[in-house]
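Chemist: In case you want the letters, here they are:
There are 2 protein chains.
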Amino acid sequence: MLKYIDMIGDENMNKVKPRTLSGFVELLPQDQILFNKVKDTIRNSYEKFGFVPLDTPILEYSDVLLAKAGGETEKQIYRFNKGDTDISMRFDLTVPLAKFVAMNYGQLAFPFRRYQIGKVYRGERTQKGRFREFYQADIDIIGDEALELTADAELVSVIYATFKDLGFTDFTIKINNRKILNGLFEGLGLKDKAVDILRIIDKIEKIGEKAVIEMLLEVEVQEEKIEQILSFLKISGNNEEKILKMEKLDINSEDFLTGVKELREVVQLVNGFGVPDKNYEIDTTIARGLDYYTGTVYETVLNEHKEIGSVCSGGRYENLAEYYTNKKLPGVGISIGLSRLFYKLEEAGVIKASASTCADVMVIPMIEDISYALKIATSLRENGVNTEVNYSKKSLKAMLNYANRIKVLYVVFVGEDEVKSSTVTLKNMTTGEQETMTLQNAIDKVLTK
Amino acid sequence: MLKYIDMIGDENMNKVKPRTLSGFVELLPQDQILFNKVKDTIRNSYEKFGFVPLDTPILEYSDVLLAKAGGETEKQIYRFNKGDTDISMRFDLTVPLAKFVAMNYGQLAFPFRRYQIGKVYRGERTQKGRFREFYQADIDIIGDEALELTADAELVSVIYATFKDLGFTDFTIKINNRKILNGLFEGLGLKDKAVDILRIIDKIEKIGEKAVIEMLLEVEVQEEKIEQILSFLKISGNNEEKILKMEKLDINSEDFLTGVKELREVVQLVNGFGVPDKNYEIDTTIARGLDYYTGTVYETVLNEHKEIGSVCSGGRYENLAEYYTNKKLPGVGISIGLSRLFYKLEEAGVIKASASTCADVMVIPMIEDISYALKIATSLRENGVNTEVNYSKKSLKAMLNYANRIKVLYVVFVGEDEVKSSTVTLKNMTTGEQETMTLQNAIDKVLTK
Numbered sequence: 001m002l003k004y005i006d007m008i009g010d011e012n013m014n015k016v017k018p019r020t021l022s023g024f025v026e027l028l029p030q031d032q033i034l035f036n037k038v039k040d041t042i043r044n045s046y047e048k049f050g051f052v053p054l055d056t057p058i059l060e061y062s063d064v065l066l067a068k069a070g071g072e073t074e075k076q077i078y079r080f081n082k083g084d085t086d087i088s089m090r091f092d093l094t095v096p097l098a099k100f101v102a103m104n105y106g107q108l109a110f111p112f113r114r115y116q117i118g119k120v121y122r123g124e125r126t127q128k129g130r131f132r133e134f135y136q137a138d139i140d141i142i143g144d145e146a147l148e149l150t151a152d153a154e155l156v157s158v159i160y161a162t163f164k165d166l167g168f169t170d171f172t173i174k175i176n177n178r179k180i181l182n183g184l185f186e187g188l189g190l191k192d193k194a195v196d197i198l199r200i201i202d203k204i205e206k207i208g209e210k211a212v213i214e215m216l217l218e219v220e221v222q223e224e225k226i227e228q229i230l231s232f233l234k235i236s237g238n239n240e241e242k243i244l245k246m247e248k249l250d251i252n253s254e255d256f257l258t259g260v261k262e263l264r265e266v267v268q269l270v271n272g273f274g275v276p277d278k279n280y281e282i283d284t285t286i287a288r289g290l291d292y293y294t295g296t297v298y299e300t301v302l303n304e305h306k307e308i309g310s311v312c313s314g315g316r317y318e319n320l321a322e323y324y325t326n327k328k329l330p331g332v333g334i335s336i337g338l339s340r341l342f343y344k345l346e347e348a349g350v351i352k353a354s355a356s357t358c359a360d361v362m363v364i365p366m367i368e369d370i371s372y373a374l375k376i377a378t379s380l381r382e383n384g385v386n387t388e389v390n391y392s393k394k395s396l397k398a399m400l401n402y403a404n405r406i407k408v409l410y411v412v413f414v415g416e417d418e419v420k421s422s423t424v425t426l427k428n429m430t431t432g433e434q435e436t437m438t439l440q441n442a443i444d445k446v447l448t449k
Numbered sequence: 001m002l003k004y005i006d007m008i009g010d011e012n013m014n015k016v017k018p019r020t021l022s023g024f025v026e027l028l029p030q031d032q033i034l035f036n037k038v039k040d041t042i043r044n045s046y047e048k049f050g051f052v053p054l055d056t057p058i059l060e061y062s063d064v065l066l067a068k069a070g071g072e073t074e075k076q077i078y079r080f081n082k083g084d085t086d087i088s089m090r091f092d093l094t095v096p097l098a099k100f101v102a103m104n105y106g107q108l109a110f111p112f113r114r115y116q117i118g119k120v121y122r123g124e125r126t127q128k129g130r131f132r133e134f135y136q137a138d139i140d141i142i143g144d145e146a147l148e149l150t151a152d153a154e155l156v157s158v159i160y161a162t163f164k165d166l167g168f169t170d171f172t173i174k175i176n177n178r179k180i181l182n183g184l185f186e187g188l189g190l191k192d193k194a195v196d197i198l199r200i201i202d203k204i205e206k207i208g209e210k211a212v213i214e215m216l217l218e219v220e221v222q223e224e225k226i227e228q229i230l231s232f233l234k235i236s237g238n239n240e241e242k243i244l245k246m247e248k249l250d251i252n253s254e255d256f257l258t259g260v261k262e263l264r265e266v267v268q269l270v271n272g273f274g275v276p277d278k279n280y281e282i283d284t285t286i287a288r289g290l291d292y293y294t295g296t297v298y299e300t301v302l303n304e305h306k307e308i309g310s311v312c313s314g315g316r317y318e319n320l321a322e323y324y325t326n327k328k329l330p331g332v333g334i335s336i337g338l339s340r341l342f343y344k345l346e347e348a349g350v351i352k353a354s355a356s357t358c359a360d361v362m363v364i365p366m367i368e369d370i371s372y373a374l375k376i377a378t379s380l381r382e383n384g385v386n387t388e389v390n391y392s393k394k395s396l397k398a399m400l401n402y403a404n405r406i407k408v409l410y411v412v413f414v415g416e417d418e419v420k421s422s423t424v425t426l427k428n429m430t431t432g433e434q435e436t437m438t439l440q441n442a443i444d445k446v447l448t449k
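Sequences listed follow chains A and B, in order.
Under my numbering, the first residue of the first sequence carries the number 1, and numbering increases by one thereafter.
Under my numbering, the first residue of the second sequence carries the number 1, and numbering increases by one thereafter.
Honestly, the hints are just simulated from the structure, not real lab data.
Some hints here could point you the wrong way.
[Claimed, not checked] Below, computed lysine-lysine pairings styled on DSS-like, alpha-carbon distance capped at 27 Å:
id	chain 1	residue 1	chain 2	residue 2
1	A	17	B	75
2	A	261	B	375
3	B	15	A	68
4	A	15	B	327
5	A	68	B	17
6	B	82	A	17
7	B	375	B	407
8	B	242	B	278
Bear in mind the structure is a predicted one, so any value in this text is a computation, not a measurement.
Whole structure, please, built from the sequences with the hints as guidance.
Modeler: Rendered as structure tokens:
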């Protein structure tokens with residue numbers, strides 16, 4: 001609680017206008033309850049697979065946090081001095097993980113499987129659905145020296161289980177391998193243009209084939225090579241057919257062959273992990289960023305809401321913490337942009353706040369002495385029913401109004417009759433039904449709602 | 001995940017030393033799991049009473065956040081400019097609540113009952129057990145214009161339920177009323193010295209009576225008045241006796257009488273809320289800060305670990321948001337300094353990390369084809385068992401070593417025999433017992449651990 005406050009009580013003093021920084025989310029309780037449900041579901045799903053939690057500080061030494069950041073990242077960072085210390089706010093959960101693993105290498109068991117759900121900060125120009133403070137929900141599997149390809153497949157099963165738990169069925173996890181793309185460019189003699197080309201083809205879903213061709217011509221890719229790239233991107237069929245078509249392309253690149261081999265193996269393993277065929281597919285257009293990922297890459301699309309873009313992305317990287325340590329720590333990770341996902345799902349009407357209270361039941365005492373009502377409330381809580389007692393002594397109408405406003409599901413009336421007969425009167429606030437019964441019956445009714 | 005990263009892979013490049021800011025906590029997984037358990041327990045307890053969650057931003061406009069802060073608070077704040085914006089990090093959860101309620105007054109139902117568990121930031125000089133980034137777990141009940149005294153009593157029952165849920169039995173919630181102390185000083189003609197005197201007597205537990213007398217003499221309180229103050233502080237007996245003794249003191253102050261009346265009522269109500277006698281008592285020495293609280297004040301002491309100090313404190317305040325709005329919003333709140341509590345409890349050996357993994361079970365496939373093992377893992381998860389699959393293809397010894405290191409409770413072996421007979425072999429890692437059984441039996445065994 002607050003300390004050191006000056007006692008100023010002048011009623012006419014100037015008020016400060018209460019406001020929240022732009023790009024910073026602050027939800028009303030009904031939305032917050034819903035958001036927490038989504039967050040809890042993701043956490044539970046991650047824990048089901050045995051991932052352990054990490055909760056790193058939001059502030060870090062700037063030189064540690066920005067050890068491998070480049071121009072654009074640095075511009076977006078919240079960075080300041082406190083005393084002599086140059087401090088930055090974390091902009092993702094991956095760099096703090098790298099720091100943590102490098103610092104605590106000797107105390108960790110590898111593969112180190114951690115999840116972290118927390119806020120990150122980016123001082124981007126704000127726009128609708130883009131936040132400066134937002135939650136990410138990450139998991140990563142870090143190997144010591146090496147990490148088997150099975151981990152890449154397991155993460156697909158984690159994405160699948162998580163979105164299933166969130167209530168989705170019609171979604172597709174798109175899988176690719178960065179070695180394939182890199183190898184393709186190498187084979188076509190376009191290695192020096194790879195970054196440009198990746199950036200352009202990454203947009204093909206958004207801007208269409210024609211615009212991509214124009215942009216590729218602009219960066220001086222020859223027409224015949226553009227054709228080869230496009231025919232690669234258009235490879236179709238089921239996963240097995242896509243792999244076979246890639247193998248037949250006869251690209252002169254070891255990377256390409258390794259990438260196809262890895263992709264084949266990951267896809268076969270994903271099948272073993274029990275992910276239904278309809279929920280994953282090879283997508284040769286997925287690139288994910290420019291230079292970070294070195295193997296498997298993922299994106300996840302809700303098929304009925306493709307406009308949201310990828311709701312869960314990630315991939316395999318060669319070396320997590322090379323800026324801090326000589327240990328080789330390959331890993332694979334995924335990240336859900338939780339705040340953005342929530343915002344988009346609510347905007348699309350996919351999720352709706354149904355209850356605006358944490359209480360299942362509001363106990364309303366109808367008599368002066370509230371001790372029986374309080375005992376009822378304690379029993380309800382002990383039986384797992386979240387319970388609020390309305391001890392406001394307002395009119396019945398006012399108390400029911402309040403119950404309606406906070407959208408409580410049941411009201412329990414406790415009056416003289418109930419005290420005498422050791423019963424309660426339970427009112428279902430949705431149906432309006434009202435019935436006097438034993439407390440145990442009321443508990444059963446509420447719990448089987 | 002990371003974007004915009006420059007591709008630098010030079011093995012001989014200079015490494016940045018990975019380190020964490022001093023005063024910032026970063027727990028190893030086994031401690032983090034334990035910390036999360038404590039945090040979840042508090043959250044569940046708060047929700048049982050129907051409090052709704054709030055999650056305000058960590059950054060706020062400085063003029064909003066510091067509207068009522070004074071000298072000491074301002075010095076401790078993390079404050080910086082981003083572009084033209086003067087930004088500060090929250091130093092508690094009360095000011096953001098005030099801002100939120102003032103901003104959203106029309107959309108809230110009163111009494112507004114919210115909880116918030118989150119990190120706050122104070123740039124204090126670091127010392128053992130004091131943090132610059134730490135969790136607070138707050139609840140507040142905010143009334144519109146008025147708030148019944150029952151709320152003050154309800155919070156005592158919330159503190160009681162929460163610490164009981166945390167596994168404590170021997171703790172005392174100490175209750176006082178600030179009007180009594182203020183009235184006492186008024187009655188003694190010491191109103192202008194009240195702040196000094198409160199600061200001094202607040203230390204009586206720590207520094208003893210003699211030192212308190214000396215300090216009171218220093219601020220020029222007459223000896224006979226010191227005697228009266230001390231005899232007031234030493235009022236003893238059970239709660240009823242203490243109230244009677246106070247009433248008999250015949251202090252000439254309306255505030256004093258109101259305070260005693262309120263205290264009597266709160267204590268009676270607390271009894272009605274079912275809090276056992278042994279877990280709460282009137283303590284006339286509790287003052288809590290200098291100017292914020294205006295009625296009931298609380299502190300909570302673990303009797304076997306008094307050295308920790310108060311683990312949950314709070315009280316009644318007159319007006320939550322007067323710096324932002326003309327609405328009168330009286331409230332009552334409590335706060336648990338979660339990070340400090342956790343640190344002190346671990347230091348005192350009260351809580352110990354028992355498991356260092358979120359997984360209850362590790363499935364170890366003994367054959368090349370892991371598909372049966374993966375199916376077993378999925379079934380375990382569907383039955384509420386957190387399960388990790390060890391697909392590392394290392395030696396059995398290495399896999400069991402890893403299982404031991406992450407302190408998994410059970411290992412499930414899946415080999416040829418198990419596949420053939422549709423069974424699993426369950427090994428209890430604590431007792432070493434090992435038995436082949438149906439999956440359902442294994443699930444039952446693990447869940448009844």
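Chemist: Are the hints correct? Go through all of them and say.
Modeler: Now the hints, each set against the structure:
no.: 1; hint: A:17 <-> B:75; in the structure: holds (23 Å)
no.: 2; hint: A:261 <-> B:375; in the structure: holds (25 Å)
no.: 3; hint: B:15 <-> A:68; in the structure: holds (10 Å)
no.: 4; hint: A:15 <-> B:327; in the structure: holds (11 Å)
no.: 5; hint: A:68 <-> B:17; in the structure: holds (13 Å)
no.: 6; hint: B:82 <-> A:17; in the structure: holds (20 Å)
no.: 7; hint: B:375 <-> B:407; in the structure: holds (23 Å)
no.: 8; hint: B:242 <-> B:278; in the structure: holds (15 Å)
Every hint, counting from the list given before, is met by this structure.
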